[in-house]
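Colleague: Oh and the sequence shown: position 364 is 364 in our numbering, straight run, nothing missing.
Calculated from the structure, these hints are not laboratory results.
Note that the structure is a prediction, hence the values are computed from the model and not measured.
C-beta atoms are modelled at their ideal positions from N, C-alpha and C, and glycine is treated no differently.
Take these hints with a grain of salt, some might be off.
Stated by the list, open to error - Label pairs and their computed distance ranges (CB to CB): (1) GLN99 <-> ASP291: 43 to 49 Å; (2) SER329 <-> THR160: 51 to 57 Å; (3) ALA319 <-> LEU371: 55 to 61 Å; (4) GLU155 <-> GLY281: 25 to 31 Å; (5) LEU129 <-> LEU371: 33 to 39 Å.
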Amino acid sequence: MDLGKALSDLAATPFKIASVGLEIAGDTVTAVQRGLNGSGPAIVAPSMSRIFGFDDALSRAGRLTRLIDDDAPLGRALAPGGVLDRLLRPGGLVDQISQDGGLLDRLTAEGGAVTRALAPGGIIDQLTLDGGLLDQLTSDEGALSRVLAPGGFAEQVLATDGVVDRVLSEDGIAARLIAKDGPADRVLADGGVVDRLLSADGILDRLLEPGGPADRVLADGGVVDRVLSADGILDRVLAPGGVADRGLAEGGVVDQMLADGGIVDRVLRPEGIADRLVGQGGIADRLLADDGVVDRVLRADGIADRLLGDGGPVDKMLADGGLVDRLLSEGGIAERLLDEGGAIDVLTAPDGALMKLNDVVDNLNQLAPVLAGLAPTVDKLYDAVLVLNDAVNPLSNIAGRIPLSRQRGKRAAKAAAARQAVDENGQGQPGSGH
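Using the sequences plus the hints, can you model the full thing?
Modeller: Now the structure itself:
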């Protein structure tokens with residue numbers, strides 16, 4: 001069964017029915033008009049779909065149908081033997097994840113990551129308690145409220161000619177990504193990136209095999225176990241007065257990012273970073289241009305091919321004794337990072353680097369009004385310096401007119417002549433030895 005065609009037909013059927021119905025209604029209205037007008041000219045009526053406001057919906061349905069055509073990237077992904085088919089086949093990725101003892105089984109097992117997250121006092125509890133992370137995000141003056149406020153981040157991103165509008169425009173980034181022979185087409189092509197990832201004994205197979213990286217990450221005492229343990233990293237980050245609490249507090253890092261003139265404001269302002277990224281001739285344009293970065297990464301024998309090829313960097317990283325093996329091995333880098341007294345421990349400790357960074361932000365916030373108060377004093381000092389300069393300049397001009405250098409030269413010449421006379425007199429006296 002061609003899943004892509006089935007989805008396409010399913011999506012388009014209601015709109016086709018609506019369109020046929022509207023055409024019939026339109027023809028009926030035209031016939032009635034002719035009957036009323038006799039042999040006179042028929043009144044040209046606007047499209048029935050336009051009258052009922054279906055124009056946009058029909059246009060979007062048409063676009064959806066074109067996206068999943070047989071020769072479109074998404075159509076090929078949904079076709080028999082395509083990416084989705086391979087994900088869902090027996091022994092495929094979904095099968096490996098959901099099999100007994102697989103990834104989902106270990107996550108949802110008793111004492112597993114999900115169970116511990118949902119347990120009383122677990123991560124979900126800490127996120128949803130009164131005054132917790134979600135409470136702070138959704139409060140009246142919280143980050144989410146400010147993002148959704150009129151003129152806020154969401155409105156600027158979704159505005160006409162905003163970032164999303166430009167990305168989804170007819171010749172925008174999205175259209176160029178999914179165009180025929182574009183980046184998405186190459187990624188999904190036979191022998192492309194997705195093909196190599198999902199192939200038998202490919203990268204995903206090796207990641208999910210028994211005893212592989214995913215198995216070791218989810219093992220008892222592994223990375224996930226340590227992150228979710230009582231008094232682990234997440235526990236300390238989400239604790240009252242912890243890193244997340246301080247970051248979301250009034251005047252904290254998130255507050256400053258969303259403030260007028262903050263990072264988000266500077267990114268989204270006219271001619272700001274977002275404009276330069278998605279504007280005509282901007283960074284996105286240059287990345288997606290012919291012979292641009294994306295083209296060179298995805299071309300045959302390009303960077304992606306060399307990274308994912310047999311014996312390439314990814315192959316070496318996943319090999320026995322490779323980088324991933326060393327990261328996850330007993331006493332490896334991940335274990336040392338997450339150990340008590342390790343780098344993560346030092347960063348997230350109550351007196352660690354992240355908390356000290358928040359202290360610095362707090363101190364800067366307290367200094368801001370003091371510095372603002374000093375501004376008038378600095379201006380007065382500057383004016384005083386200008387007045388002193390005006391007073392000293394005439395004195396410097398007078399001193400420059402005194403011929404001190406010539407007087408010093410005459411004195412030096414007289415002293416030299418006197419020494420010479422003394423020497424000559426000493427040599428001419430009897431008993432001098434000459």
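Colleague: So, for every hint listed, does it hold in this structure?
Modeller: Hints, one by one, checked against the model:
Between GLN99 and ASP291 the beta carbons are some 44 Å apart, a value that agrees with the proposed interval 43 to 49 Å. Distance hint check: the CB atoms of SER329 and THR160 are about 54 Å apart, consistent with the given range 51 to 57 Å. Between ALA319 and LEU371 the Cβ separation comes to about 56 Å, which falls inside the hinted range of 55 to 61 Å. For GLU155 and GLY281, the Cβ-Cβ distance of about 26 Å falls inside the hinted range of 25 to 31 Å, so the restraint holds.
In this structure, LEU129 and LEU371 meet the distance hint of 33 to 39 Å, their C-beta atoms being roughly 37 Å apart.
Violated hints: none; the structure is consistent with every hint.
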